[in-house]
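Below are the chains, spelled out letter by letter.
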Amino acid sequence: MSHKYIIIVGCGRLGTILVNRLSRLGHSIVIIDKDTGAFEGLSSDFSGFTIGGDAAESSVLQNAKINKADMFYALTNNDNTNLMLAQIAKDIYKVPFVIARVNDPQRDIVYKNLNINTICPIIIAADELIKRTEG
Amino acid sequence: MSQIKMLIIDDEINITKTIAASFAKNGYFIQQCNDGNEGLKRLNEEKWDIAFLDIRLPGIDGMKILKQIYENQISVNVIMITAYGSVENAVQAMKYGAVDFVSKPLEPATLRNIVDKIISRQHLSEQSVIEYHEFIELAKLYIKQREFHKAHDAIKKALTQKPESAEAYNLLGAINEVLGDIVAASQAYQMAIRFDADYQPALENLKRITSMEANSADLLDMMSTILRK
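Respectively, the protein sequence lines represent chains G and U. Residue 84 in the numbering used here sits at position 84 of the first sequence, and the numbers go up by one each step. Residue 9 in the numbering used here sits at position 9 of the second sequence, and the numbers go up by one each step.
Hints were generated in silico from the structure; no laboratory data involved. A virtual CB, placed ideally from N, CA and C, is assigned to each residue, including glycine. It is possible that some hints are incorrect.
As the list claims (entries may be wrong) - Computed Cβ-Cβ distance ranges for the label pairs, DEER-style:
#1 U:Glu71 to G:Ser58: 25 to 31 Å
#2 G:Asn80 to U:Arg208: 50 to 56 Å
#3 G:Gly26 to U:Arg208: 37 to 43 Å
#4 U:Lys41 to G:Lys131: 56 to 62 Å
#5 U:Glu131 to G:Asn80: 35 to 41 Å
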């Protein structure tokens, strides 16, 4: 297993389940959220770091040591925020692997045109349902 | 050093786990304790190569442990763990011989790098050192031995190799502070900032010493030096 330093923004339902699992796999995780109450959903064996703050402020990303990150996931429920954070991580801090969550499937193509890797949970769910339908 | 012995003194599970995971493959002997009193006891009882020490701890805090390490002349390389984006108390720590810091969040690459530097630093000698980074490491070795004048000379030599280094000027400032020369310290921090306006350690050091309650003689001295420039 290669041990990665991963920064994740957004500790909602997706962020929480993801960091709990990544942490269990042995990766070093930093999770950032504006609302520190969001960290209460992290499991007791979560061994990463939490930072309460607005990731759009450069000091917050610097405190998270974004320049050292192997991966950066922008997973908030706001598509514009995710796009902006992904661009900052990719273009300013040169993080090797960046993904933005896209909540609105119609925007997915726009992001792809901007050369940002995306993940759209709704498209993934639809794909999976089609796969199961077709058997 | 034969097998490297590391003691982690921290009550936060994410810190102890990250450090242990970072060195799991190196075959180091790693022990941890989550309380300041217990940490100090173990430092007194056994010989350790490296101690990771959090500033905030239950029991005795990290700075007080550092003071005890200094007073009891315990030979250990201490790596201080500080809060997010912070370099607090760096000069105070240096007075007690601690020169290596990591701030939260910890990540494996930096941890390994700092430990590698500490290990290879032990073999440096004044005669063999020629390059910038070696002079920096030599200065850190002298600081650990509390040979601050020798550390000062080593940094000066580092600066002849790399005159625009903010890191070296910041270290020079801190050594000057330990030696009690506040004017020279302030000038060194200013030089660091001149070469790198975003260099946080120097910015914080300068902010700290300029907001210190300097007595009026110091202040006059500092102002006249600055005006003469």
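The hints, checked one at a time:
1. U:Glu71 to G:Ser58: 25 to 31 Å: violated, 41 Å
2. G:Asn80 to U:Arg208: 50 to 56 Å: violated, 39 Å
3. G:Gly26 to U:Arg208: 37 to 43 Å: Distance hint for G:Gly26, U:Arg208 holds at roughly 38 Å.
4. U:Lys41 to G:Lys131: 56 to 62 Å: holds, 60 Å
5. U:Glu131 to G:Asn80: 35 to 41 Å: violated, 48 Å
The earlier numbered hints that this structure contradicts are 1, 2 and 5.
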